[in-house]
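Novice: Here are the chains, one letter per residue:
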Amino acid sequence: MAPISYHLILSGILFTIGVMGVLLRRNTIIIFMAIELMLNAVNLSFVALARHLGSMDGQLIVLFVMAVAAAEAAVGLAIILMVFRNKETINADELKLMRW
Amino acid sequence: MIKLPPVNWLSLLPAIIPAFTGILVLCWDLGMKNEERHRLAWLGILGLAITAVVSFCLLGRNEPAFNGSYTLDSYAMFFNLIFCLAGILTFLMSIQYLHTSDIHAGEYYALILFAIVGMVVMAAATDLVNIFLGLETMSIAVYVLAGIWRQRLQSNEAALKYFLLGAFASGFLLYGIALLYGATGSIQLGKIAMHVNEHGASTILLIGVAMLIVGFGFKVAAAPFHVWTPDVYEGAPTTITAFMAVGVKAAAFAAFARVFLHTLGGIHGQWEGILWVLAVLTMTVGNITALVQNNVKRMLAYSSIAHAGYLLVAMVAGKELGGAALMYYLVAYGLMNLGAFGVIIAVGRRGEPNEEFADFAGLGFRYPLLALAMTVFMLSLTGIPPLVGFVGKFYIFSAAVKAGYLWLAVIGVLNSVISAYYYIRVIVSMYMHEGDKVPEKLSARPALAVAILIAAVGTIWLGVFPSASMALSRLSFLALG
Amino acid sequence: MEHAHATAQALSLSLSVSYLRYIPLFPLLGVLFNIFLGHRLGRKAVNIVSPGMVFLSFLVSLHAFWNLPEGGRLVDTMWLWISSGTLHVDFALQVDQLSAMMILVVTGVGFLIHVYSTGYMAHDHDVARYFAYLNLFTASMLLLVLGENLLLLFVGWEGVGLCSYLLIGFWYTDDEKASAGKKAFIVNRVGDAGFLLGLFLLFWTLGESNVWTLSFSTIQQHIAAVPAEVATVICLLLFVGAAGKSAQIPLYVWLPDAMAGPTPVSALIHAATMVTAGIYMIARLNFLYALSPTALSVVATVGAATAFFAATIGLVQTDIKKVLAYSTVSQLGYMFLALGVGAYTAGVFHLMTHAFFKALLFLGAGSVIHGMSDEQDITKMGGLKSKMPVTFWTFFIACLAIAGVPGLSGFFSKDLILEEAYASPLGSPMLWLVGTIGAGMTAFYMFRLLFVTFFGENRASHEVQHHIHESPASMTVPLAILAVLSIVGGYFPLLHFLSPLFGEHHEPHVAPLIKYLPTVVGLGGIALAYVMYVLNPAIADNMARGLSAFHKLLFNKYYIDEIYDAVIVRPIVGMSNWLWKVWDAIVIDGTVNGAAHTMEANGSLLRLWQNGNVQNYALSFLIGAMAILGYYLW
Amino acid sequence: MVSAVIFLPLLAAVLLLFMAKEEEELARRFALGVALVTFVISLGLLVNFDSSKADFQFVERVPWIADFGIHYYVGVDGISLFLVLLTTFLVPIVLLASWDVHSRVKEYLFFFLMLETGMLGALVALDLFLFYVFWEVMLIPMYFLIGVWGGARRIYAAIKFLLYTMVGSLLMLVAILYLAYLHNAQYGAVTFDLLQLYNLKIPEQTQLWLFAAFALSFAIKVPLFPFHTWLPDAHVEAPTGGSVILAGVLLKMGTYGFLRFALPLFPDAAHAAVPTIMALSVIGIIYGALVAMVQPDLKKLVAYSSVSHLGFVMLGMFAFNMQGIAGSVYQMLNHGISTGALFLLVGVVYERRHTRLISDYGGLWKQMPVYASVFLVTMLSSIGLPGLNGFVGEFLIMLGAFKANVWAGAFAVSGVVLGAVYMLWMYQRVIFGELKHEENKKLTDLSPREIAIFTPLLALMLLMGLYPQPFLTRMEKSIEATLARVERKTAVVQVEPVEPPPVQVVAER
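Protein chains in written order, with numbering that gives the first Met the number 0: chain A, 0 to 99; chain B, 0 to 480; chain C, 0 to 633; chain D, 0 to 508.
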């Protein structure tokens with residue numbers, strides 16, 4: 000079985016890709032997808048750690064996280080939809096009504 | 000047949016009541032005509048009142064539930080009182096506010112109640128997962144609430160920004176939980192504490208702690224993570240801003256304090272340096288940027304960041320007095336801010352929010368009572384005795400001095416002087432400028448008047464006779480054990 | 000001549016009485032009367048009450064004078080004034096030989112001047128205010144001479160300074176007069192500052208050996224406690240005060256300008272009483288001054304220098320009151336010369352005689368000005384001999400007295416000073432020589448004044464000449480009385496009377512040349528004046544043209560005022576402007592407002608970070624996370 | 000009894016709020032009545048004050064915040080007794096003088112009475128926390144008085160006044176907290192009780208920065224030399240009543256604070272700070288006088304004269320001997336009366352002509368003789384003419400300062416001369432001279448009400464000048480106690496004032 004560090008490194012990489020996605024992409028939906036990616040990266044590390052430590056808690060948490068991610072997706076997409084309906088754009092750069 | 004494990008319903012009571020009220024509100028809303036919508040608010044207030052009474056009665060007890068992942072201790076109950084206070088005052092303020100803004104009452108009240116459920120869970124959770132769950136329930140409800148005024152573009156934008164960054168921050172928080180779990184082998188705070196006290200801090204644990212600080216930092220609006228606050232607070236409807244500024248911040252601090260002061264108390268040395276820097280950064284950034292605002296609501300947003308800085312000072316001060324000071328200051332901060340936002344709502348009219356400094360001009364002598372209330376809140380936020388703001392700051396700075404963080408206290412004190420300038424600017428425009436804005440008569444909005452009155456009386460009463468409430472906050476923090 | 004002055008023996012006889020307090024009290028009542036009732040009851044009442052009060056206190060002074068125990072003193076302690084820690088000062092009055100003489104002079108001459116003023120101020124509408132100030136002045140002067148301790152003396156000291164300020168600036172509508180009053184007060188204040196420092200040093204030096212007191216008799220008993228070099232410093236500091244009050248060299252500039260006040264004021268304050276306060280103080284503290292010969296020699300040299308210097312200026316002045324003012328400065332110089340050489344009795348004797356004839360001279364000048372309808376320039380007068388006989392004759396007697404013509408009071412006191420200056424161990428022939436030349440000049444300018452004013456024909460405009468008349472009785476009677484006093488004054492047995500304080504007086508035996516030369520020089524001065532201004536007036540003019548540079552220098556008073564203004568006044572005003580405009584406004588306020596502005600500048604900078612872009616927020620988020628992680632990974 | 004004096008004005012202030020806006024007359028009379036009653040009660044304090052005891056009298060102690068050992072602990076001793084009386088004496092006079100304030104009278108009176116409570120509280124508080132609370136409570140009404148009823152640049156002046164004082168006082172708060180926890184470390188209990196904190200053994204190094212924090216806060220209030228720039232602005236912009244109270248009492252809070260807290264709590268640091276503070280006060284004396292000389296604005300001139308006078312008070316205090324401190328406490332009272340009267344006089348003329356420039360006046364003696372004579376006496380008392388109150392204070396201060404440091408004494412004496420210069424020059428330009436301006440010809444002399452204001456002040460000036468004993472004897476014991484504390488260095492034992500019994504040599508009666 001691959002040592003635990005491989006899994007952690009993989010989840011680390013996935014996490015950073017997610018973060019980069021949030022920072023670089025313009026489209027809000029893609030930003031949201033990047034966030035989901037980060038959450039899944041964390042799920043991966045949870046599962047790996049659970050197996051490594053031999054305790055069920057890790058697996059349990061992944062279920063919770065998935066449920067929460069789903070709820071978040073629903074609400075998030077609704078908000079993005081609302082913004083799109085009002086401003087015809089979901090490009091993060093245009094959403095600058097409030098500043099300074 | 001799967002035997003259900005014995006469930007300690009008593010500990011769940013403070014969470015069940017608001018949830019149930021929320022559902023009731025939703026159902027009642029279906030069959031209701033538009034103009035009686037305000038009755039929903041009174042139902043919500045009733046529910047919260049019951050929760051508050053229940054929490055008050057449960058103050059003394061200390062029972063773990065769900066084998067250690069959830070507790071009923073006076074620490075949680077104290078925070079419940081804060082959440083109910085925030086909820087009730089927001090409801091009172093919202094009754095009239097919903098008329099001037101076409102927000103659909105049903106969902107609005109229900110979502111607030113569900114957010115309070117999330118807060119209660121968060122405050123009482125003694126297990127990282129429960130904290131995460133409570134956090135997410137609260138956050139999702141508040142994301143929607145931020146954007147509930149659909150017609151206003153600012154509200155949409157606020158919701159979007161809050162959602163994206165909130166999710167982003169939960170990602171970090173979760174990653175921290177994972178690393179903590181990896182390092183200590185458990186997600187129960189009690190077990191983690193034991194592990195940390197025996198083995199001290201491994202690097203994995205420290206990285207996890209760092210991630211936790213980032214996650215909580217966002218929720219609490221600490222310095223580098225505060226950038227979302229001004230836009231979201233300004234965009235969201237004012238009642239929701241008040242609710243977020245007080246309720247959400249209190250809940251975040253509840254979990255933050257429980258995890259750091261209680262569980263990770265053993266390795267205080269490692270993380271207090273970071274929090275020290277965060278505290279100074281938060282206070283200074285919050286205060287200095289507030290100086291140049293000319294929108295009162297946005298100024299209050301920055302001031303809430305500054306107050307998060309003072310609360311971080313209490314966190315840095317640590318165990319003996321820090322925790323109690325933190326809890327007391329949250330009460331004080333809650334009262335002052337709710338009152339201040341209440342006055343902003345009172346000054347606003349249908350269509351013109353009147354949130355600029357100029358809109359407050361000449362208010363002092365045309366609406367003496369309203370202006371007097373605002374003066375009390377502003378002076379209390381500055382920390383002028385004999386108001387509750389001063390006692391709160393006194394409590395925090397004495398904790399800092401007792402723990403030996405002298406320079407932190409000095410920086411905190413100097414920040415209060417900077418804060419004095421922009422709080423006093425409100426008083427200046429009210430009393431020393433001429434103006435012709437004519438806000439609606441307060442008597443036409445009884446609920447709002449009552450909310451402001453409660454906040455004002457609370458600010459003065461707890462300021463002049465703080466002894467009882469200080470003792471209560473100290474005992475409830477010690478209940479953490 | 001050793002100074003075997005009275006040891007403790009004089010102090011044993013001090014009778015405690017309770018009527019001394021009425022001496023200053025009566026004039027004070029006069030003040031209150033004038034302030035509150037003056038305007039209502041009108042001129043008549045004021046003219047009776049004010050001089051009456053002074054006369055009452057004159058009677059009480061006489062009573063005190065009679066019951067003065069041989070060689071002892073009367074003490075009247077009223078109440079405990081200031082007591083804090085070791086400082087213990089009573090509000091107490093005392094009369095000994097020196098004070099007895101002084102209060103008699105002050106109340107006597109004061110009364111005459113009050114009577115004279117009723118006439119002089121006949122057509123002035125603000126009489127109540129005038130007499131209020133005059134009574135207040137008399138009260139303060141009495142307090143000064145009766146004070147039992149140094150602090151009370153200082154109270155009287157500043158009180159007379161205040162009254163001279165009020166009286167000089169009496170006709171306040173004229174700015175120039177008001178600033179003359181201000182100048183007098185400020186220069187006095189400079190002197191008082193020196194006085195205060197001397198007082199503190201004395202108090203604390205005595206305190207070294209646990210003697211906590213300021214009263215004269217106790218200081219005298221414990222005078223041994225004061226080491227010599229400290230005594231010198233104390234005496235010099237006190238002398239600064241005296242120089243300020245009695246118009247000696249550095250601080251005399253205020254006296255000539257003080258002539259802006261009404262003439263009776265000049266007579267009372269700037270001739271008879273106030274200016275003598277300095278001499279009284281040094282005489283009162285003679286046992287202290289005896290400790291430091293250096294201080295005494297400084298007093299003597301300054302006195303002599305002032306006498307000579309003021310006399311030179313007096314030679315060429317054309318304003319009648321200015322001439323008399325410089326002559327006062329010069330005569331005061333003589334008194335200080337006497338004190339400086341240790342001849343306290345001679346100094347005090349000259350003080351008394353000077354009070355008489357100088358008051359007479361001023362009142363005479365006042366009557367001349369009154370007659371000449373307020374003309375003060377003697378070049379426009381002349382030939383008043385026939386028109387104002389009484390004024391002329393009394394003025395003439397006073398001139399004889401001041402010139403030191405034998406037989407009159409001036410001769411006795413001034414020549415005694417000059418002999419002492421020569422004979423006394425502290426004196427020197429040089430001092431004597433300067434004094435004698437001064438005496439000559441005095442005689443010359445006094446008689447120049449007399450001849451130009453009263454002889455020849457009148458040079459005033461026609462209608463002024465038409466109005467010339469002799470002053471009314473209320474003015475001429477005091478002149479006559481003072482003339483008698485100027486003659487008789489020399490014969491008072493003062494020297495014996497003051498012996499208990501300053502020791503038995505021994506006639507200085509000096510070579511006849513030294514003894515009689517001053518008189519001869521005086522008579523020569525008179526003759527020269529007669530030749531130049533009566534026989535052949537042309538001489539004076541072409542002399543003035545001949546030595547025009549020197550004449551101009553003297554006429555403009557060596558430009559002392561302009562120098563003071565340039566050296567002291569203008570720099571101070573300049574500096575305060577600089578301090579205010581630059582230091583206060585720019586430096587301190589600058590830093591304060593600067594701090595506020597930097598805050599706002601940072602605020603607007605930080606504000607730019609909120610540029611509304613979600614991804615920018617996420618970026619700052621990440622930077623924060625990286626920073627914390629970085630902290631841990633190191 | 001003390002608490003009655005403190006909270007009566009506050010009670011009246013709250014009642015005032017409920018009064019209808021229209022009857023200004025009733026509100027004025029009510030406020031004046033309450034102020035007078037407070038004064039009478041405070042006279043009760045004077046009457047049964049036992050001047051033989053050094054410790055605090057009329058002590059009242061009620062637990063307030065148990066957790067921190069904070070008590071509502073008030074008491075009066077020789078020093079604070081007269082400052083309390085000065086406050087209760089000045090407030091009715093100021094209320095009487097504010098009869099011609101016509102805009103928003105009710106709020107004006109409310110803030111004044113609240114200010115009185117703040118001042119009285121700060122003077123009698125013996126618990127550091129309570130003192131700090133009253134210290135800050137004092138700020139807000141003064142801020143409003145300047146800000147709402149002030150002159151043209153009132154907002155700038157008000158904010159500057161508030162922020163300037165707040166910086167100092169908040170640093171003092173940190174020092175107070177540190178003291179409380181030092182006590183906890185040494186004696187096991189957190190307390191803010193002043194008398195217990197007096198016995199703290201504080202190492203020299205910490206004493207220095209603690210003293211610095213306290214001294215900064217009080218120096219700003221005094222104002223000591225570099226921190227004085229807020230005073231001219233605050234005075235010029237404040238309404239007449241505001242300036243009188245600001246000069247009369249608020250400035251004394253700084254000097255009182257030094258004497259009550261900074262000196263006895265940190266004796267070593269106090270001794271170390273003597274040269275700096277003496278230098279600053281001497282500079283303050285001369286700087287204040289010089290700058291006052293060139294002021295075109297009457298109120299600014301009097302403001303800078305206050306800087307000079309309070310420089311004297313500080314000089315006397317830091318002479319650390321009986322005469323110096325007695326003189327400085329006495330001068331605090333004198334300054335309250337004479338500068339208060341000066342501001343009232345400026346107010347009288349300002350009310351009639353609405354200008355503060357000296358050049359707009361001139362020759363007032365002919366037009367307003369009574370006013371001119373009252374102005375004369377007040378001016379003389381302010382420049383310290385013997386026989387009036389100013390002299391006694393200044394004489395004692397200079398005597399004490401001369402003993403402590405000869406040069407300081409010498410420069411202080413020059414301050415007396417400069418004081419005479421600017422006052423007389425101002426007096427001449429305002430009162431003497433020709434009646435040039437047309438408007439001045441229409442000026443009316445003092446009204447009976449105004450005379451009623453000035454008579455008590457003039458009477459006090461004379462009484463305190465000729466018979467200062469009743470004041471000095473009552474202060475003696477408390478000053479000795481403070482001196483003993485300041486001299487005790489770090490030795491914690493309570494040293495009785497061991498002075499050689501003075502050989503009182505007085506000429507036999």
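It should be emphasised that the hints constitute simulated quantities derived from the structure, not laboratory data.
It should be emphasised that the depicted structure is a prediction, and the values quoted were computed from it without experimental measurement.
We treat Cβ as the ideally placed atom computed from N, Cα and C, and that holds for glycine.
Among these hints, one or two may not hold up.
Taking beta-carbon pairs under 10 Å as the criterion, some of the chain C residues facing chain D (in silico) [unchecked claim]:
{"hint": "1", "residue": "Phe-64"}
{"hint": "2", "residue": "Leu-67"}
{"hint": "3", "residue": "Trp-203"}
With the C-beta cut set under 8 Å, the calculated list includes, among others, these residues of chain D facing chain B [said to hold, decoys possible]:
{"hint": "4", "residue": "Leu-10"}
{"hint": "5", "residue": "Val-58"}
{"hint": "6", "residue": "Glu-59"}
{"hint": "7", "residue": "Val-61"}
{"hint": "8", "residue": "Trp-63"}
{"hint": "9", "residue": "Ile-64"}
{"hint": "10", "residue": "Gly-68"}
{"hint": "11", "residue": "Leu-95"}
{"hint": "12", "residue": "Val-132"}
{"hint": "13", "residue": "Ile-158"}
{"hint": "14", "residue": "Leu-161"}
{"hint": "15", "residue": "Met-165"}
{"hint": "16", "residue": "Leu-170"}
{"hint": "17", "residue": "Tyr-180"}
Novice: Now tell me, hint by hint, if it's right for this structure.
Specialist: Okay, the hints, checked on the actual structure:
1. The interface hint given for Phe-64(C) is violated, since its Cβ lies 21 Å from the closest Cβ of chain D, which is over the 10 Å cut-off.
2. Interface restraint check for Leu-67(C): the shortest CB-CB distance to chain D comes to about 17 Å, outside 10 Å, so the restraint is violated.
3. At its closest, the beta carbon of Trp-203(C) sits 5 Å from a beta carbon of chain D; the interface hint therefore holds under the 10 Å criterion.
4. Annotation: interface hint on Leu-10(D) violated; nearest CB of chain B at approximately 14 Å, more than 8 Å.
5. For Val-58(D), the suggested interface contact is broken, since its CB lies about 21 Å from the closest CB of chain B, more than 8 Å.
6. The beta carbon of Glu-59(D) comes no nearer than 17 Å to any beta carbon in chain B, farther than 8 Å, and the hint placing it at the interface is violated.
7. Contact between Val-61(D) and chain B, as hinted, is not supported at the beta carbon level, the nearest pair being about 11 Å apart and thus beyond 8 Å.
8. The interface hint given for Trp-63(D) holds, since its Cβ lies 7 Å from the closest Cβ of chain B, which is under the 8 Å cut-off.
9. A distance limit of 8 Å between C-beta atoms decides the matter here; for Ile-64(D) the minimum to chain B is near 5 Å, and the interface restraint holds.
10. A cut of 8 Å between beta carbons decides the hint on Gly-68(D): the least distance to chain B is about 11 Å, and the hint is violated.
11. For the restraint placing Leu-95(D) at the interface with chain B, the shortest Cβ-Cβ distance is roughly 24 Å, beyond the 8 Å limit, so the hint is violated.
12. Given hint, Val-132(D) at the interface with chain B, holds; its Cβ is 4 Å from that chain's nearest Cβ, closer than 8 Å.
13. Annotation: Ile-158(D) was flagged as interfacial toward chain B, and the flag holds, the nearest CB pair being 6 Å apart, inside 8 Å.
14. For Leu-161(D), the interface hint holds, since its Cβ comes within 8 Å of a Cβ in chain B; the closest pair sits about 6 Å apart.
15. Contact between Met-165(D) and chain B, as hinted, is supported at the beta carbon level, the nearest pair being about 5 Å apart and thus within 8 Å.
16. Against a cut-off of 8 Å between C-beta atoms, the interface hint on Leu-170(D) holds, since the closest Cβ of chain B lies about 6 Å away.
17. Interface restraint check for Tyr-180(D): the shortest CB-CB distance to chain B comes to about 5 Å, inside 8 Å, so the restraint holds.
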